[in-house]
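Participant: Listed below, chain by chain, are the residues.
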Amino acid sequence: MGLDQVPHNFVTARLEDVVRWGRRNSVFPATFGLACCALEMMATGAAHYDMARFGMEVFRASPRQADLMIVAGRVSQKMAPVLRQVYDQMVEPKWVISMGVCASSGGMFNNYAIVQGVDQIVPVDVYVPGCPPGPETLMHGILTLHEQIRTGELLRRREASPTGGAGIEVGREPVGLTTS
Amino acid sequence: MSTNPPIPLRPTTKPLSDALSKEEERLERQTDEGAQELRPTTREVVLAGGGMWPQDDLGDTMIINMGPQHPSTHGVLRLMMELDGEDVLRIKPVIGYLHTGMEKTGEELTYVQGTTNVTRMDYASNFANELVYSMAVEKLVGVEVPERATWIRMMMCELSRMASHLLFQATNGMDIGAVSMMLYGWREREEVLRIFEYVTGLRMNCNYIRPGGVAVDLPDGWQQRILDVCDLVVKGVSEYDELLSQNPIWRERTVGLGIITTEECLALSITGPILRSTGFAWDLRKAQPNLAYDQVEFDTIYTSNGDVYDRYRIRLYEILESVRIVRQCVEKMPAGDYRVQDKKITPPPRARIDESMEALIHHFKLFTEGFKVPAGETYVSVESPRGEIGCYMVSDGSSKPVRMHIRGPSFYNLQAIDPMGTDSLVADAVAIVSSIDPIMGEVDR
Amino acid sequence: MADDTAREEDHEAEAAGDVAEPAPIPDDVAAAVVARFPGSVFVDSHGQAVVYVEREVIADVALMLRDEEQFTMLVDTVVVDHLVDGARPLVAGIAPERFEVVVNFLSHARNRRIRIICQVPESQPTAPSLTPTYPGANFAERESYDLFGIAFEGHPDMTRILMPDDWHGYPLRKDDAPARVPVTFKGDPSPR
Ligand code: SF4
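Top to bottom, those sequences are chains A, D and F. So the first sequence is residues 1 to 180, counted in my numbering. So the second sequence is residues 181 to 625, counted in my numbering. So the third sequence is residues 626 to 817, counted in my numbering.
Chain A on its own, in the form it takes in the complex (with noise of 0.2 Å):
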């Protein structure tokens, strides 16, 4: 059939730009609230500052229906493998906005019991600065990721490999233990 066939009411356009336009539009976040920064995020979704502007209203509590993790609040050593677990368990594409200055480099918690960065486990595409991060930054963030999203690589694949950002395994010892 022609297009001539096709009544009226269509657009024509690029499919990478339609699926980008999609995912961007569509980016559901995992509920992954740690600490304080977590109610900063429930925040930015309740009525105030309506995620819902950006299509993100829909906080996913199962990893697997997600495709975004905020990383709200400090990582603890205990909790890596399990971050590291969820965002396994997320499936591709998937984005991680590291909010707060704990999950960007610990902050002012430089002691043995919290991860210095999140990025040691994995990847992440946008750092929110801020203790905590008022509703404005972290929209602000999401809205840096969507610029990304929107002019990325289409199929980007990260890595496989069994680690995160800087190296460190999940599952070896915690690396409070190694530094003297």
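In silico lysine-lysine, BS3-like type, Cα no more than 25 Å apart, as pairs:
1) Lys580(D) with Lys523(D)
2) Lys545(D) with Lys524(D)
3) Lys580(D) with Lys545(D)
4) Lys580(D) with Lys799(F)
5) Lys552(D) with Lys799(F)
6) Lys319(D) with Lys552(D)
Calculated directly from the structure, the hints in this document are not laboratory data.
Dock chains D and F with the ligand against chain A, hints included.
Facilitator: Coordinates of chains D and F with the ligand only, in the frame set by chain A:
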């Protein structure tokens, strides 16, 4: 404030002897609408049909793991539940997934910096943490806080109690299935957070109460803003009351569930609204008043059933009591200094730094080295929204504490899960955990 | 609470090192504990009643506080590590050890508090558990075990609570895990 009629308690367990009592029980379990009913467990069906069912001690039970990444466990709490079909036999909380080493960090920070650390423990009501830390330091140093600072502290603590209980209303509603409560609770909480931002500069983790007083004075025109928020909150609370308190579905989900007695509470060191829900009217604000709680009028809210519904009601009405206290604070706020004028503890005012070299040096030294605290040890406690929060501090005469320990009320309150959850259904376990209102940052520290 | 003037007298007496001649103890509960358990010392710490007791009797002290003195609640159990103290306030009559177990009690009926402290040597880091008397000490004693390695004898479940089960060491001890850990930033030369 409406007084609720006494609530008939639903028996938690009942022996199943014959078909009659079974039918009775079935009718009893029906909701008011009769729309839903709980099915008998598989075991009951098999036994009623004359079939065989293994004894419990033959390994008939199942251990199920919930968390640490679970939407309704308030953060990173993990529960191990031993189930017999749908009935919970035992619950064991597994904690530590948010262990932050704050007590170690607290030993690394000077007394000036310490509040930055402790404010991140109970992040839903951070002022209580800062208050208890500052009071411990003040006790060791032996300074008296000016009256205005005391009243500002009290007002901010009550505002944070409002924020914390509003958060509880939101999350508790969501956990039990009244998802719209999530939006309503946050609606009012957001207004309170804006007050925090207005007064302290931060929405959460304000680091506002410091040893010696508070960080800054109240901004101009604060009275009207705070009174406006009080009105909003009162309006919101009456809406929640209307929406939930007499709602048949809500009552069916909460009344008679997760019962705990006063004796159990005392034995397990449980404080706060959980203790008060058992009919034991213990509130440190009344019993051992600190700040200026003995100069304001408020009531201790307590109920006598000790179930999830009562804990919800207590927290709801405590918001109104806090509003009462805040209004009195606005009315009676004394004039004066907002921090002690003690050169040893208080940094010079910002304007002086530009003019005077001494002030600059003094400021620098205070924030890099801190001030020295005489050797000694002390324990100070106040009533946080979750119960008794305490700070045990040991000083050796230097500018950093030897030991800084915070007694987190949620840490002890979590021990209530087992007596509350035993003999409940799996679906009710979520309601029970939510009614304890644990904040994991304070549990794990 | 207690009578203020009496407390000051007691304080002066102690400051003079006059412990052999027991001054009247202003806090009647503390007085009862000191009378019952020889070797106990009363100290007034910023207006709070503190009794230093022998490690072996701390469970009996707790039992006595609960059954005879109406102390309804164990508020908190804390361990303090005194390894590197600059100036440790010493209590006359008590041989200081590295660790201290500090237990706070609260009586709702009498609206008062008391603090019981016992010394725990480094060579034998154990203490009697108070869980038989006050089940609420459960988590706190597990935490003390986890972070300081003080094993509480008679505790029903003496396992780690905050740190992972396979963690080595007791992080809150002064000579254990570093309080500061180097931070690795993304883009570091370290392998990724
Ligand atoms: S960054 Fe700040 S607010 Fe966020 S988890 Fe860390 S301490 Fe809490």
